[in-house]
Amino acid sequence: MANTSAAAHAAAPEGSRRDFLFLATGAGLAVGAAAVAWPLVSSMAPDADVIAAGAPIEVDLTPIQDGQIINVFWRGKLIFVRKLTGKEVTDMKAVPVSALSDPAAFDTRVKNGHDQWLVVYGNCTHLGCVPIGHSGNFEGWACPCHGSQFDAVGRVRRGPAPTNLPIPPYAFQTDAKIRIGETGGGKAAA
Amino acid sequence: MSGTASTYVPKSRVAKWFEARLPIAGLVHSSFVAYPVPRNLNYFWTFGAILSAFLGIQIITGVWLAMHYEPSATGAFNSVEKIMRDVNYGWLLRYAHANGASMFFVAVYVHMFRALYYGSYKAPREVLYILGVVIYLLMMATAFLGYTLPWGQMSFWGATVITNILAAIPVVGDTIQTLLWGGYSVGNPTVNRFFSLHYLLPWMIAGVVVLHVWALHVTGQNNPAGIPIKSGKDAVPFTPYATVKDVFATVVFMILFAWFLFYMPNYLGHADNYIQANPAVTPAHIVPEWYFLPFYAILRAVPSKLGGVILMFAAVIILAFAPWLDTSRIRSCNYRPIYRQFMWVFLGVCLLLGWLGSQPPDGGYVLAAQVCTVYYFAHFLVVMPLCGLFETPKPLPGSILESVTGPGKQVGGAGVPMGAAAAPTTKG
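The listed protein sequences correspond, in order, to chains A and B.
Under the working numbering, read the first sequence as residues 523 to 712, first letter to last.
Under the working numbering, read the second sequence as residues 67 to 494, first letter to last.
No lab work stands behind these hints, which were simulated from the structure alone.
Be aware that one or more of the hints could be misleading.
Rough simulated footprint, nothing fancy, chain A against chain B, three-plus residues with beta-carbon under 8 Å [what the hints assert, rightly or not]:
hint	region
1	220 to 227
2	237 to 250
3	350 to 357
4	369 to 378
Facing chain B, a subset of chain A residues (Cβ under 8 Å, in silico) [to be verified]:
hint	residue
5	Met566
6	Pro568
7	Val572
8	Val652
9	Cys667
Just some of the chain A residues that point at chain B, by a computed CB distance under 8 Å [claimed, not checked]:
hint	residue
10	Arg597
11	His648
12	Gly650
Being a predicted model, the structure only gives us computed values, none of them experimental.
C-beta atoms are modelled at their ideal positions from N, C-alpha and C, and glycine is treated no differently.
Kindly generate the complete structure, drawing on both the sequences and the hints.
Okay, here's the thing in structure tokens:
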């Protein structure tokens, strides 16, 4: 920078015209960069087509036998629907909540009055593999990837999985039909 | 690129005209012809050239595969089978690309062990070395993205596991995961964008390789003695000495490549990847490609999701801190009697971790992986700093020449290669 402008700078106590231009240009560049980056990042989010394909689905429970697990897909995600046997219900109710790494009472895993029906996401909460049903030591699932085990109501009992298998939004339409993707009363899930 | 004026003298009028406008011939001459190379380099120093060759092979076969590949959840698997069955020489392109990736990692692991064993990370080569770690990270990302593209079972579940690893990042993890997926799970948008990124990253690797070579030509090469070039007698010109040695080593390495490519092209892959992706079933025994196994073992050794992810990334990142963790003033393990043994133990632990990563995550294997993980980090955080302080190194040779000929001997003795002795050294 030339001496003259340095002198001019020193003479202007409130900041010179050059300072103003410098700051304004810098601010303009920062805002511009953010304005360019935003559409690039936002375009990677789920698009309208993917979101529309996530409409709620209905599952008929009548063909499911005691102890059977069926796979359904909602929003491309695997969901297990499991009909618990009477013994499994009794066993799961007897598990002391304090002994669980992610404490959840039996009642919080099923809908009120539908003790036999478990609906959970079918991907291990560790790294997303599909646990194998009716295996492991807890009447539930065992993950083949990293050894996590879940009990009959999808609570983590062993291994690196940090949380229980999450429960998707669903509601009973009748005793023999559920709607996944809605919390009840026709309200769509976010 | 060597940072000194070029000795290149253009001869023809056209060459003179061009050199005055863009001195690229001089740049190449000073970097790859007249460039002084330590005369004691062993074959470990040829892996840079081998790696360059494989970057070229991967880019060429990859560009050609992309002419036939269809990046979609419904089309990807079938288009890969089409490449194998219908496209002329499609099998060759695909097997060369898949096995080329494995050979690329074989070469990079030898290259990395060379850097650690001979102290190539130490001053003044820290930036050169860290650029290498950056290339390694980019290679891992590229290899992972590429492995998802055939959309077989291992592709799909590999993509699921790795994107779930990113979801462990606190606060922003879920957002990053959704942005990578482009949906609520691994699906069609995922394979589409992974293909785009898989095509992008090799060019970024090529860019960082240019910086890596630039940095190399500023500091000069390390060598088995770990001492700098002191006089012209310590060096030979890059061409023909290093050029011919590099080409020879590359040809020998290509024999290994050809062996896999033509005789056992699926040996390093997994049979499960010939089953189309099925989001309802995870393969019973899921493992990553062999070159990720040590890190996979570290991930599984920790009984906590976030903890495992942190240690796995830390195992790579800690490499970048080697220049400051090593307190020794001696570079080469040849003159470090204690640390040299630790280096071989470290190599053994890395190989053992790799084997453990391929085993099921059961009791004994997990315990062994935990012990190895602790040792892996202890090598960098305990052995490296302490060895430098307590070890008595062997006396260093007076010069690179002396390390080749023995102290006090004259050049031209029976033990010296004729070419090296007769070499005119152009620069000191």
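These are the hints, each one checked on the structure:
For a cut-off of 8 Å, the count of residues in the region 220 to 227 of chain B with a CB near a CB of chain A stands at 3, and the three-residue condition holds. Look at the region 237 to 250 of chain B against chain A: 7 of its residues bring a Cβ nearer than 8 Å to a Cβ of that chain, three or more, so the hint holds. Counting residues of the region 350 to 357 of chain B whose beta carbon lies closer than 8 Å to any beta carbon of chain A gives 3, which meets the minimum of three for the stated coverage. Coverage of the region 369 to 378 of chain B by chain A holds [criterion: at least 3 residues with CB-CB distance below 8 Å; count 5].
For Met566(A), the interface hint holds, since its Cβ comes within 8 Å of a Cβ in chain B; the closest pair sits about 4 Å apart. Interface restraint check: Pro568(A) against chain B, minimum CB-CB distance 5 Å, threshold 8 Å, status holds. Checking Val572(A) against chain B: minimum C-beta separation of about 5 Å stays under 8 Å; hint holds. The interface hint given for Val652(A) is met, as the beta carbon of that residue sits about 4 Å from the closest beta carbon of chain B, less than 8 Å.
Satisfaction of the interface hint for Cys667(A) is found here, the shortest Cβ-Cβ separation to chain B being roughly 5 Å, below the 8 Å cut-off. Contact between Arg597(A) and chain B, as hinted, is supported at the beta carbon level, the nearest pair being about 4 Å apart and thus within 8 Å. This hint holds: His648(A) has a C-beta 6 Å from the nearest C-beta of chain B, less than the 8 Å allowed. Satisfaction of the interface hint for Gly650(A) is found here, the shortest Cβ-Cβ separation to chain B being roughly 4 Å, below the 8 Å cut-off.
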